[in-house]
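J.: Residue-level listing of the chains:
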Amino acid sequence: MVEAPIEDKRITLKEAAKLIPDGAHLFWGGFGFQRPPMAFAHELVRQKKRNLTVYTCGSEIDIDILSGAYVVSRFELAFFAIEGIGLAPNIQRRIREGAIQIEDYTNLAMALRFLGGALGVPFMPLKSMLGTDLIAKTKFRPKKAEVITCPFTGEKVVLVPSVRPDFSIVHVSRVDREGNAQIDGIKGEDVEGARAGKKVIVLAEEIVDTEFIRSQPDQTAIPNIYVNYVVECPWGAYPMMVYNYYDYDMEHVRMYYQQCKTEEGWQKYCEEYITGVEDHMEFLKKIGMERLLKLRAKKPFPY
Amino acid sequence: MVEAPIEDKRITLKEAAKLIPDGAHLFWGGFGFQRPPMAFAHELVRQKKRNLTVYTCGSEIDIDILSGAYVVSRFELAFFAIEGIGLAPNIQRRIREGAIQIEDYTNLAMALRFLGGALGVPFMPLKSMLGTDLIAKTKFRPKKAEVITCPFTGEKVVLVPSVRPDFSIVHVSRVDREGNAQIDGIKGEDVEGARAGKKVIVLAEEIVDTEFIRSQPDQTAIPNIYVNYVVECPWGAYPMMVYNYYDYDMEHVRMYYQQCKTEEGWQKYCEEYITGVEDHMEFLKKIGMERLLKLRAKKPFPY
Amino acid sequence: MDKNYAKLGEFTTLELMAVCGARAIKNGEVVFVGTGLPMIAAMLAKRTHAPNAKIVYEAGFIDSNAIDIALSIADSRLGYRASAAIGLIETLGLLLQGGHVDVGFVGAAQIDEYGNINTTYIGDFENPTVRLPGSGGGNDIVSSAKRIVIIMTHEKRKMVKKLDYLTSPGFLDGPKAREKAGLLGGGPSLVVTNLCQMDFDPETKRIRLATIHPGVTLQQILDNIGFDLIVPENVPTTEPPTYEELVILRAIDPHGIYIPRQG
Amino acid sequence: MDKNYAKLGEFTTLELMAVCGARAIKNGEVVFVGTGLPMIAAMLAKRTHAPNAKIVYEAGFIDSNAIDIALSIADSRLGYRASAAIGLIETLGLLLQGGHVDVGFVGAAQIDEYGNINTTYIGDFENPTVRLPGSGGGNDIVSSAKRIVIIMTHEKRKMVKKLDYLTSPGFLDGPKAREKAGLLGGGPSLVVTNLCQMDFDPETKRIRLATIHPGVTLQQILDNIGFDLIVPENVPTTEPPTYEELVILRAIDPHGIYIPRQG
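Chains as they are written, first to last, in the working numbering: chain L, 1 to 303; chain H, 1 to 303; chain Z, 1 to 263; chain Y, 1 to 263.
Bear in mind the hints are in silico, worked out from the structure with no lab data behind them. Only true hints are included.
Every beta carbon over 12 Å from chain H, so not counted as near; a handful from chain Z, in silico:
no.	residue
1	Ala6
2	Thr12
3	Thr13
4	Asp68
5	Gly107
6	Lys162
7	Gly174
8	Lys176
9	Ser189
10	Pro202
11	Glu203
12	Leu218
13	Asn224
14	Pro236
15	Thr237
16	Tyr258
Calculated cross-link-like contacts (lysine-lysine; reagent style DSS-like; alpha-carbon spacing at most 30 Å):
no.	chain 1	residue 1	chain 2	residue 2
17	H	Lys9	Z	Lys26
18	Z	Lys146	L	Lys137
19	H	Lys286	H	Lys48
20	L	Lys9	Y	Lys146
A virtual CB, placed ideally from N, CA and C, is assigned to each residue, including glycine.
Let the sequences and hints guide you as you build the complete structure.
T.: This is how it looks when you write it as structure tokens:
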């Protein structure tokens with residue numbers, strides 16, 4: 001009788017980013033301030049990736065950084081801003097320069113597009129977007145959405161095209177070496193998005209033993225079958241938050257927002273915190289242990 | 001400042017069954033041997049309900065009992081049998097008598113029909129059923145499924161009509177008085193089915209304090225907003241199983257199967273275990289505490 | 001019951017707006033809100049007249065009982081004593097589009113006289129002056145909630161005859177237009193601004209003055225609006241906050257994150 | 001490697017069928033199975049040549065490592081050391097229709113020469129002799145898995161020229177028919193019976209004899225089939241179980257629930 005060797009899908013953050021070719025299409029996980037793949041965004045900037053297309057519901061500093069550094073040229077999304085503070089500063093400038101195009105959907109439409117891709121069907125139906133410019137106006141998709149008459153009820157239904165990006169990038173609570181991932185708290189659209197990608201890279205706050213996962217299989221949010229690569233990436237969403245792990249660093253977020261209002265400010269931020277540091281660990285050292293430890297979630301609160 | 005009074009949605013099994021009028025349409029939860037609403041089936045038989053339409057993926061003794069007692073006249077489903085043993089004996093007879101009609105779908109089609117109903121859209125797309133009699137032949141639905149050409153890819157896609165039954169009946173692991181339900185182990189199609197019903201009755205192995213639920217909100221499978229009634233119903237799936245609670249009683253299941261091969265045998269079973277006992281508690285007493293306690297799950301196994 | 005109303009000068013305009021929002025929520029209702037003033041309004045409602053209101057945040061928090069102010073709709077703070085923490089398809093799809101949401105709160109960069117909303121572009125679609133955040137879940141909420149409360153500042157450039165971009169559907173071009181378009185929800189029912197409250201004429205579906213905030217004149221309202229507002233004969237003054245409401249409100253946001261303390 | 005094959009009489013036909021099923025699974029593959037023989041076959045594969053095969057059961061158990069025999073596809077036993085326990089849309093929708101399943105195992109009450117399957121009615125659709133269990137997830141599996149293994153008993157009334165009802169799509173009416181119908185999966189690749197193994201001719205998509213079980217004659221096979229079987233010139237004998245396979249197989253089902261002990 002044969003014991004199954006545990007598959008080891010672990011690679012480094014650098015190796016993970018190297019997998020993404022220029023021009024690739026990515027599902028980008030996290031929602032709002034929760035679990036954005038921030039460290040992965042930094043590494044894509046360090047490796048000077050270009051011309052990516054990013055699919056997401058609503059994202060914030062993470063995609064603003066990708067925009068500022070000219071990593072992404074197209075977005076299909078529903079929302080971007082720095083919530084509670086203001087408009088995302090780099091995206092504004094890059095749109096004015098013509099360096100970025102955005103195809104607008106709603107959050108539900110995007111989440112369903114990921115579900116449709118994951119389900120292997122070419123579209124999903126929904127009842128949003130009807131009667132609005134979200135259907136009437138398109139930027140670059142030849143067919144952005146179709147309104148059809150339901151063959152059963154006669155009512156109008158919108159079909160939105162499914163998405164199967166080249167890679168799905170998600171940042172989770174914990175994962176084992178085989179790629180079985182748990183996500184604490186809200187899942188946003190990561191459950192669907194992680195299943196939509198042709199290849200899936202899971203970044204996690206911590207790597208846990210596979211027996212821990214297998215002792216509670218109903219806690220698995222993303223099973224190993226979908227996952228190609230696993231990256232251990234503690235504090236990988238900083239300065240944003242991870243449920244049960246750490247809070248956001250509003251001081252850093254506000255500093256980012258203020259400084260990036262000008263191109264020079266953004267260049268300075270990028271040099272100081274991204275391109276000027278060797279890797280994610282050096283970034284964390286720059287932020288400083290004291291600051292990070294203060295942000296740890298205070299049980300029983302998840303923040 | 002006002003403290004929110006906890007809403008109390010608890011009713012008895014008898015009261016819950018009384019809510020179902022003759023001719024009602026039900027989503028029927030559980031899958032295979034896992035968490036069927038068996039006690040609810042018994043009570044529907046005791047109350048002599050008639051002419052119900054039941055929507056489910058795959059069910060077993062529970063719907064065979066509903067068929068034997070002439071409670072259900074129409075099913076829309078994918079599978080019925082007593083797995084590992086044989087064909088469901090009562091359903092066979094009732095079909096031959098013309099007392100029951102079945103509209104056939106696949107398990108995925110039924111699960112998606114519940115998801116569609118829950119999502120408020122009139123259909124869902126899928127890639128099963130193509131080229132087969134599941135599309136070509138219908139029993140009673142004027143429009144069972146439609147094959148369309150995808151406006152984005154040109155490929156063929158099947159649309160199946162969504163289901164919004166009058167009631168959804170689900171048996172879960174635990175629930176609080178407000179209706180927040182947790183389900184251990186597999187969920188089958190209960191997550192979608194519980195959200196599809198116009199009214200939802202949740203039966204549970206145990207009622208827990210709402211603070212227990214609210215201390216771990218990411219464990220909630222069915223939030224209170226969807227739920228209208230809550231019924232405490234320990235051993236409510238016996239002789240089938242509930243993950244982490246108890247195993248099936250194969251001796252009883254085999255006895256049922258053997259005895260119900262004849263109409264007389266079924267009538268005897270029905271009288272002895274269902275109509276001849278006052279309620280679920282009397283049924284459990286008839287089975288006997290010794291027998292039940294032996295079936296309890298042996299931790300760390302969920303069975 | 002005699003209400004103990006605060007006097008002009010004892011509350012800020014933002015406080016009044018939050019109180020107006022809270023009063024639009026009935027007890028037991030399912031309320032879909034975002035961060036900012038709507039969150040404060042919903043928290044206030046739950047702590048006053050609507051303790052059994054259920055607050056839903058689109059990131060996945062359902063029946064939230066947050067005790068700390070959140071900066072993001074996905075903020076872990078919103079998970080405190082929630083019924084459930086799931087995801088976007090749950091909240092925007094199953095709960096909202098599934099027909100369970102009574103009232104949704106949204107903001108607007110522009111609205112027109114039918115309550116249509118723009119949160120996407122200012123200026124030309126091809127060469128916009130400002131690119132706004134986009135729909136997010138806004139279009140989903142306005143499409144499918146039974147009624148909608150819009151909270152925004154009252155400015156001529158924001159209340160326009162023609163939107164630069166129609167992000168979320170009010171009554172579109174008038175009566176029956178929502179039904180014809182296939183929309184599920186009831187459409188906008190209330191607009192709360194810093195000057196007044198407005199509702200919608202049931203016949204024409206056009207926006208109509210409902211109450212004027214204490215200390216504000218009709219002329220101020222008309223001077224700051226870019227479309228023809230329906231003005232009924234007798235427009236009452238907006239019911240001011242009670243002292244109780246103010247005390248609770250200030251306890252909700254003690255650091256003045258969304259409602260800065262009066263200067 | 002020299003294989004240590006068991007001799008005729010040392011194994012039962014059901015044991016041979018389980019071994020044939022196991023050998024159809026490659027290491028690392030995602031395998032969709034039901035209860036009964038396919039479950040035993042998949043468990044045997046995992047304990048012999050395919051330790052990293054991932055067994056999926058449609059009720060929601062993914063990458064199961066069950067150590068006890070399950071009677072239901074939703075049996076809690078299947079949750080033992082699984083990667084995940086979720087639900088039907090996960091397994092049949094996201095995993096299977098999503099394109100992640102390499103091989104699916106199904107049974108059949110009837111098949112025709114193109115590998116089309118009936119598990120719904122015997123007799124007339126309006127007045128059937130027997131109402132079978134129906135598709136369950138069978139049609140979903142046969143529609144979308146990359147390849148399909150059918151396990152069934154070899155009887156004339158089961159291998160028919162025309163099905164009473166077409167539940168699950170083989171190659172429909174021949175080459176390119178699956179593609180024309182819009183189906184995603186690769187279709188049937190192997191039929192394991194108590195007499196032989198059959199595969200499908202790549203040109204005509206018709207069923208073809210592949211191997212004959214030890215002790216069985218070609219005539220027996222032809223006598224028990226209701227359609228024209230393609231018989232190649234040299235048909236090898238089915239590779240018998242090894243002693244190692246038999247020992248492991250008997251340990252998997254020690255009480256003979258699905259594979260009764262030799263009488």
